[in-house]
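2 protein chains.
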Amino acid sequence: MNDKILALLRSSAAHVSGEDISRQLGISRSAIWKHMQELRQQGYDIVAVPHLGYQLASSPDLLVPQEISFDLNTKVVGKKIFHYDTVDSTMDIAMRLGMDGSPEGTVVFAESQQKGRGRLGRTWSSPKNKGIYFSLILKPNILPLESPKLTLLIAIAICEAIRKMTKLDCLIKWPNDLLINNNKICGILTEMNAEADRIKCVVVGVGINVNTSSSALLPKATSLKEELGERVSRTELAKELLRSIDKEYATFLKEGFHPFIKRWLKLSATSGHRVRVHSHNEYIEGEALDIDEDGGLLIRRDSGFIEKITAGDVVKIR
Amino acid sequence: MNDKILALLRSSAAHVSGEDISRQLGISRSAIWKHMQELRQQGYDIVAVPHLGYQLASSPDLLVPQEISFDLNTKVVGKKIFHYDTVDSTMDIAMRLGMDGSPEGTVVFAESQQKGRGRLGRTWSSPKNKGIYFSLILKPNILPLESPKLTLLIAIAICEAIRKMTKLDCLIKWPNDLLINNNKICGILTEMNAEADRIKCVVVGVGINVNTSSSALLPKATSLKEELGERVSRTELAKELLRSIDKEYATFLKEGFHPFIKRWLKLSATSGHRVRVHSHNEYIEGEALDIDEDGGLLIRRDSGFIEKITAGDVVKIR
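These protein sequence lines are chains A and B, in that order. Those letters in the first sequence? Residues 1 to 318, per my numbering, in order. Those letters in the second sequence? Residues 1 to 318, per my numbering, in order.
Simulated from the structure, these hints should not be mistaken for laboratory data. Do not take every clue at face value.
Only pairs whose alpha carbons sit at most 30 Å apart, straight line, appear in this in silico DSS-like list of lysine-lysine [to be verified]:
1) 80/B <-> 115/A
2) 247/B <-> 75/B
3) 200/A <-> 79/B
Chain A extracted, bound-state conformation (with noise of 0.2 Å):
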C-alpha cells in the first residue's frame, strides 16, 4: 500500500487530497495517515497542507525496492529486488534465493554489510549507506569456463553507466575493478553453482564508492564522492547499473561475447601498459595487449612470446 501511496503522490506535480487516495485506493483517512507516517519514517519527506492534501517534498537515498522499480523499465534485471538495512553479504542471500529458484534478474540490495567480500575471500568494505552493494541472479545457458565472461561485459556495463551518470573517467583493470584516476571505485565478484558442464545459477555481485568520504576509504580506493567533490544519488546510480547490465547482458545472450572485446579494450586501464600479473603462484612480466574471445587477458612477454592469462591480478607498472 505504501508503494500505491507513493505512485500516486508522485503522478501529481501538486497536492494529492487524502479523499482522492481514500476513493483511488479505498483506504480510510486513519489508514492514509498512518501510511503517511510509515513513509516518513523511512526517510520520504511527505508535507501536509490543510485543505490541500499531501506533497512528496523528497525521497530518500535508499536502495529500496519502491525507489529502484519507479521507472525502471528493464526486461530481465531487476524485475525482483530485494533489500536489506545490514547483511553478512548480499553474496550468500543472493546464492540462496537462486538456489531456491529466484527468478534470473532477482537483485539483492543492502546499505551495509558486515562481511563484503571480493575475489579469492578478499574484504570489501561496505560503510551503511555511503556505497551500492548489490548481487545479481543470472542463469544463462552456458559452461562453467565460460563465467569470465559475465565478469567482463557486466564490467563493461558498469564503466559505462559511471562515465555516463558522472562524466568522469572510468576504466576497467581486468578482470574485475573499475577505477577513476588508478584508484578503485568499484569491485565485481562472480561466483556460480553449476555440474561441470552446466551452470544452474550465477550470482554476481557489485560494490561501489559512491558517498564514501576518503577517511574511510582502503588505501588505492575512491570515491565518486571524492572525485567529483560533490554527492550522487545513489537511487539514480543503482538504476542506471541494472538498465545498463540489463542491455548488455541481452546483448551477450543474442550475440555472443564477440561485440564486448572491442568496447572493453577502449575502456581498458592497461592495455599498452607495461604489467605485472600474479596467477596461480606464479608471476608473468610484460605489455598487456587485448583480451581473446573467452575472456583472457593477452600479454606480450619480452621474449615476444604471447600468453594468455585466465586468473590472476594485474599491477600496472608504467
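For chain A, the structure is supplied; the task is to place chain B on it using the hints.
For chain B alone, kept in the frame of chain A given last:
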C-alpha cells in the same frame, strides 16, 4: 549417550550388566532402560537377560552416524556425518552446509530422496531404505575447470569398492555412471560453488541401487541385490565407499590426476567400443579411446581425427 551405550555393547562379546553400564557411563538404571528402548526403536535388537545384562544381537541396516562412524578409519571423508530419513535432495543440504562452513569430508546420508537428481536436472529414483544416497563435501584447491577430474576419480573409488565387496564386474561409463552388465548401478553428480578461478566448495552426490527390487528400478538400471541374488549390507558398503573415496582423494591431492588415467581405462565400459556421444546439441560417433589429463573423453572419428569430449552422454553402439 546412545552412541556410548552401543560402543559398550559392541566392545563385549558377552552380556554387559546394567551395573557396569551404569558405573562406566555414570547414569542410572532407569536412564539405561530408557536409552535401550530408544535404540530398539531405531532398529537395534538388544536382548536383556535377567541377572546377566544386555547384549547387542543385531544392528539395523540404516546409514546412521553411529553405524557408519564405527571402525570407519578414514582421514577426511566421513569425519562428520549427517543422516536424514527423507529429504528432497542430499545435494541441496550438503551445498548449504558446505557454504555455511561445514568442513571438507562432511557426508549427508538420506534413507530416501523425494527429488533425487542426476546430471542436467535428470531424476534419480531413491526408494526408501533400498539404496545408498549421499552427498560429500570437498574443498580442494583446484580450478573450477578441473572439477570433472573429481567425478572420474570418485567413479574409480566407488567402482573398486563395489567390486571388492560384491566381486561383480562393475564398469565406468564416462563421465559419471557405473554399470553392471550394461545396466546402471550407480550415478555420480558433481556440483560446485565457485568463483571463476577458485572452487569454494564441491559437493559430490552418489546414488547406488543396493537392495532395490526389479519392480522399483527404472529401465536400463539394476541393483546389487538383483545381480547377486541376495541382499547387501548397506552400512558395510557405505563404509567401504567412504574408505575408498578417502584413499583416492588423498592420492589426487598428493599426486594429481595422472595416476588415475590408467586405472580408469581398465574400468571403462566403453574403451575400444564404437560409441555415439551427445554433446552440446551435436552428435559425435567413433571409437572411444582413453581419457586425457583433464579427464576429457577421447573419440577417434571415422576420419581418423581424434576428438576430445569434455561433457556429454555416451551410448555404446557395439
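Each hint tested on the structure:
no.: 1; hint: 80/B <-> 115/A; in the structure: holds, 27 Å
no.: 2; hint: 247/B <-> 75/B; in the structure: holds, 8 Å
no.: 3; hint: 200/A <-> 79/B; in the structure: holds, 29 Å
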